[in-house]
Amino acid sequence: MTIAPAATRRAARLLRFDRVQRGAHWANALLFGVLMFTAIPLYFGSFFGAVFPRHLIEQIHLWSGLALPLPIVISLLGPWGRAMRRDVKRVNAWTREEIHWLQSLGRTPLEADKFNPGQKLNAIFIGAVIVVMLITGSMLQWFRFFSVSLRQGATFVHDVFAFAIFAVVIGHIAMAITHRDSLRSIFKGWVSEQWAATHAPKWLKESRDAEGSVNSP
Amino acid sequence: MTDLEPTPRVAVGRRVFLGVTGLAALGVAFGGSISNFLGNAFGSGLGGLLPGGDRFRIYSITGKYPKIKDSDYRLKVSGLVQRPKTFTLDDLKAMPVTSFTKNFQCVTGWKVPDVHWEGVLLSDIMDAVGIRPGAVALTFESYDRADTESLTIDQARLPDVIVAYQMLGAPVTTEHGGPVRLYVAPMFGYKSLKWLSAIRVVNQEQPGFWEQNGYPVNGWLDGTTGPTNPDPRLT
Chain A
1 MTIAPAATRR
11 AARLLRFDRV
21 QRGAHWANAL
31 LFGVLMFTAI
41 PLYFGSFFGA
51 VFPRHLIEQI
61 HLWSGLALPL
71 PIVISLLGPW
81 GRAMRRDVKR
91 VNAWTREEIH
101 WLQSLGRTPL
111 EADKFNPGQK
121 LNAIFIGAVI
131 VVMLITGSML
141 QWFRFFSVSL
151 RQGATFVHDV
161 FAFAIFAVVI
171 GHIAMAITHR
181 DSLRSIFKGW
191 VSEQWAATHA
201 PKWLKESRDA
211 EGSVNSP
Chain B
218 MTDLEPTPRV
228 AVGRRVFLGV
238 TGLAALGVAF
248 GGSISNFLGN
258 AFGSGLGGLL
268 PGGDRFRIYS
278 ITGKYPKIKD
288 SDYRLKVSGL
298 VQRPKTFTLD
308 DLKAMPVTSF
318 TKNFQCVTGW
328 KVPDVHWEGV
338 LLSDIMDAVG
348 IRPGAVALTF
358 ESYDRADTES
368 LTIDQARLPD
378 VIVAYQMLGA
388 PVTTEHGGPV
398 RLYVAPMFGY
408 KSLKWLSAIR
418 VVNQEQPGFW
428 EQNGYPVNGW
438 LDGTTGPTNP
448 DPRLT
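Top to bottom, those sequences are chains A and B. Residues 1 to 217, numbered by our numbering, are exactly what the first sequence covers, in order. Residues 218 to 452, numbered by our numbering, are exactly what the second sequence covers, in order.
Rather than coming from a laboratory, the hints here were simulated on the basis of the structure. Possibly wrong hints are sitting among the right ones.
Label pairs and their in silico Cβ distance ranges [stated by the list, open to error]:
hint, chain 1, residue 1, chain 2, residue 2, range
1, A, 107, B, 320, 33 to 41 Å
2, A, 83, B, 331, 38 to 46 Å
3, A, 118, B, 331, 41 to 49 Å
4, A, 109, B, 232, 42 to 50 Å
5, A, 178, B, 431, 44 to 52 Å
6, A, 19, B, 320, 50 to 58 Å
7, B, 238, A, 23, 52 to 60 Å
8, A, 83, B, 320, 50 to 58 Å
9, B, 308, A, 62, 52 to 60 Å
10, B, 350, A, 40, 19 to 27 Å
11, B, 391, A, 118, 17 to 25 Å
Short, incomplete list of chain B residues facing chain A, as computed with Cβ under 7 Å [claimed, not checked]:
hint, residue
12, 229
13, 231
14, 237
15, 238
16, 241
17, 245
18, 246
19, 254
20, 280
21, 285
22, 370
23, 440
24, 444
25, 446
Cβ atoms here follow ideal geometry from the backbone N, Cα and C, with glycine treated the same way.
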C-alpha cells in the first residue's frame, strides 16, 4: 500500500464549520473573553481598586455585553446562515441514545452525531447564558426601572451565572486544547474523514448520503 | 437502528434553554431573599467569597483613592454656623461615640448585611458648631475632589446618620472611604460619601454628584424619593 497523493488526502476532509460559523465563534469568543477579563476587577474591586480605571472598564464591559448577541444573531439570520441554522437544529434535537449517553456520563454506546451530547450541552448553555446575562446586566445598568428586590435578584443571578460561565468556558478551552483535531476545525473549518469516522460517525454517514461523495473545503 | 424508521428525537436544546432561563428568572424574583439568607448563614467570612453574598463592591468616581494619614485628616465645618470649626480625627474621637450594626445597601442591588459602624452623630457635630437660622441643608465634600452629597437638616439629624471612623470593627480603610466617611443608614449607599473633607451648612439643598447624574436626591431604601422618610424603622 502506498501513501495517497496529496489531492486524495485533501479530498478526505469534511467541512465541520464554514466561514460564517468560524467568524461567529471567534467574535463570540472575543466578546466572552473581554467580558470575563473586565468582570474580574469589577467583581473583586477591593483587590484592584486603586490602580485600575474602573469607569473605563465598566464601559468596556457594558458595550461588549450589549454586543454579545450580535455574532450569533447575525450569523443565524442572514442568507449566509444555512450551516449555522442546520447546526442549531442538530444541537436542539437529541436522540434517546444521546440522552442516555449523557445521563450515564458517556458509558452507554452512542453513534455520535456531528457534536456529542456534551458539546451540544455546551452550545445550549452558552446560548441561554447570553440571554440571561444580557437581561440581568441590563437590569443592573438601568436599575431605576426595577424594584430594589428585583435589582438584588438580578445582581445575584448575574454573579452566580458569571461563576458558572467561568467554569464552562475554562472547561471548553481545556477540552479544545486537548483535542487537536477538533480544535483545528474551528480555525480551518475541516476535520479529517478519519476523525469523523471515530468521533462523529453518524454525521460522516449523513454527509456521504447527502452528497454522494465527500465534499472538500 | 435502521435508516427506514426515523429516529425519534427530543428537543433537549429547547428544554435546557428554557430550564436555564427559567431558573434565572426565579433567581431574579427571589435572589434578594436567597442572598440575604446566604449572607446570614455564612456571615461576612465565607459570604464574601460566594457569588451574590455579602461583599462590598468598591466604587470610586475618580478611579483613585485619596490616601489621607490619620494625623493629616481634617473635617472643615463652615457656612451658616455660629462657630465654624475644623475637626481633627482626635477631635471627632473625643466626641460622644455612636455605634450600631446596619446593612449597607447599594442602589444597584448589592447589599452587605450587618455592618458594624461607629462614629459621631451628625447632629452632635451640628450642635457643636451651632446651626444658624435660615439653614436648610448640609452639603458634603470629599477628599477625592469629585464626590459631593447633600442632606436636609432634618435628614442629617436622624439617629442613624453618622460621621464614621470605624467600620467592620476596625478603622475605616482607604477603599471604604477612610479615615472618615459619612454613613446614612436609611438611604442607598451613594448618599454615604467617602473620604469626607468638608461640611457646609447652606440655605438651599444642592444636589450632589450622583444626583446630578440622575440618582434621586432623597435615596430612601424603600425606593421612595420624598424629603422625609415614610418608614421610620427603615434599615
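To see whether the hints hold, each was checked on the structure:
{"no.": "1", "hint": "A:107 - B:320: 33 to 41 Å", "in the structure": "violated, 49 Å"}
{"no.": "2", "hint": "A:83 - B:331: 38 to 46 Å", "in the structure": "violated, 55 Å"}
{"no.": "3", "hint": "A:118 - B:331: 41 to 49 Å", "in the structure": "holds, 42 Å"}
{"no.": "4", "hint": "A:109 - B:232: 42 to 50 Å", "in the structure": "violated, 23 Å"}
{"no.": "5", "hint": "A:178 - B:431: 44 to 52 Å", "in the structure": "holds, 49 Å"}
{"no.": "6", "hint": "A:19 - B:320: 50 to 58 Å", "in the structure": "holds, 53 Å"}
{"no.": "7", "hint": "B:238 - A:23: 52 to 60 Å", "in the structure": "violated, 26 Å"}
{"no.": "8", "hint": "A:83 - B:320: 50 to 58 Å", "in the structure": "holds, 52 Å"}
{"no.": "9", "hint": "B:308 - A:62: 52 to 60 Å", "in the structure": "violated, 43 Å"}
{"no.": "10", "hint": "B:350 - A:40: 19 to 27 Å", "in the structure": "violated, 53 Å"}
{"no.": "11", "hint": "B:391 - A:118: 17 to 25 Å", "in the structure": "violated, 47 Å"}
{"no.": "12", "hint": "229", "in the structure": "holds, 4 Å"}
{"no.": "13", "hint": "231", "in the structure": "holds, 6 Å"}
{"no.": "14", "hint": "237", "in the structure": "holds, 4 Å"}
{"no.": "15", "hint": "238", "in the structure": "holds, 5 Å"}
{"no.": "16", "hint": "241", "in the structure": "holds, 4 Å"}
{"no.": "17", "hint": "245", "in the structure": "holds, 4 Å"}
{"no.": "18", "hint": "246", "in the structure": "holds, 6 Å"}
{"no.": "19", "hint": "254", "in the structure": "violated, 11 Å"}
{"no.": "20", "hint": "280", "in the structure": "holds, 5 Å"}
{"no.": "21", "hint": "285", "in the structure": "violated, 13 Å"}
{"no.": "22", "hint": "370", "in the structure": "violated, 26 Å"}
{"no.": "23", "hint": "440", "in the structure": "holds, 6 Å"}
{"no.": "24", "hint": "444", "in the structure": "violated, 19 Å"}
{"no.": "25", "hint": "446", "in the structure": "violated, 15 Å"}
The structure fails hints 1, 2, 4, 7, 9, 10, 11, 19, 21, 22, 24, 25 (numbered hints given earlier, in ascending order).
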